[in-house]
Amino acid sequence: MLLEKKSCELSVSVQEVDFDLTSEINSIKKGNKNFGGLASFLGQVRYSEDSDKELVYLELEHYPVMTEREIISICNDAKGKWKLHAIRVIHRVGKLVPGDNIVLVLVASSHRKEAFNGAEFIMDFLKSRVPIWKKEHYRDNSSWVKSKKSDEELLHRW
Amino acid sequence: MKILYFAWLREKVGVPYEEKDVKAVTVKDLIQELVEVDEKYAIAFSDLKSIRVAVDQKLVQDFATSIKNAKEIAFFPPMTGG
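These protein sequence lines map, in sequence, to chains C and G. The number in this note's numbering is simply the position in the first sequence, starting from 1, with 201 added. The number in this note's numbering is simply the position in the second sequence, starting from 1, with 1 added.
Be aware that one or more of the hints could be misleading.
What the hints assert, rightly or not - Below, a list of computed lysine to aspartate or glutamate pairs in the EDC-like style, where the Cα atoms sit at most 16 Å apart:
1. C:K347 to G:D48
2. C:K254 to C:D341
3. C:K296 to C:D352
4. G:K59 to C:E269
5. C:K336 to G:E12
6. G:K50 to C:E353
7. G:K29 to G:E73
8. C:K254 to C:E353
9. G:K50 to G:D39
10. G:K13 to G:D63
11. G:K3 to G:D48
12. G:K3 to G:E20
To be verified - Restraint ranges, calculated between C-beta atoms of paired labels, are given here:
13. C:K254 to G:K72: 36 to 46 Å
14. C:R247 to G:E12: 18 to 28 Å
15. G:L49 to C:R358: 25 to 35 Å
16. C:S274 to G:K69: 22 to 32 Å
17. C:R340 to G:V61: 34 to 44 Å
18. C:H312 to G:E12: 39 to 49 Å
19. G:L49 to C:S311: 41 to 51 Å
20. G:K69 to C:H312: 45 to 55 Å
21. G:Y18 to C:K347: 17 to 27 Å
22. C:Y339 to G:D22: 37 to 47 Å
23. G:E12 to C:Q245: 21 to 31 Å
24. C:S343 to G:T66: 30 to 40 Å
25. G:K41 to C:K230: 45 to 55 Å
What the hints assert, rightly or not - Some chain C residues near chain G, calculated using beta-carbon distances under 10 Å:
26. V257
27. L261
28. V304
29. K347
No wet-lab data here; the hints were simulated from the structure. Given the structure is predicted, the values throughout are model-derived calculations rather than measurements. Backbone N, C-alpha and C define an ideal beta-carbon position, used for all residues, glycine too.
Build the full structure now, drawing on both the sequences and the hints.
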């Protein structure tokens, strides 16, 4: 017997303004009464670990429209791999200071494994497949964040 | 054709985008054509390994990809989202 195919609710935003974790979760709960688990990943701007090199702010540049399109494509790949009920991705751009939220990934599913996997998959691809670039601004200078080989290698596990 | 530059490529070229009539038929030809126009492009494109390309907002792996009929070509460094 074929199971009824449920569609996965998908919402992607690329925005300068902050977001609220609780209201985003509540909005998923409202639209999807029957998920068993929701995995969330919240990324924030790290404070400098080196006191001589104090990060003043982080600047995130992106390629409008393509950024949204690539995130949606990653989420659709996740939907194809696991049975997911809802996905919400918010990526902030513009100037952000240490402690500011950068990224939110919420994935709801019937069971935890799918939710965790879906969230991790989406985060892995956000790191190196979405046209966003970070520039770190210190007191006296600034530098573009270099992509990490380890982030690229992580993609092979999927 | 609209050519866009992001991150340090934008800084090296000096503009976020420009409209150009180009003869090039592949990504590789386009880079060559730009490099011949001005030294700033030669500097920006000096290390091709650290350059990524999107043709009409689709990432392409191969610089031999055709850009015939493309409206928008974007050059940028490896992405650092998340």
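Determine which of the earlier numbered hints do not hold for this structure and return their numbers in increasing order.
-> 3, 8, 9, 10, 11 and 26
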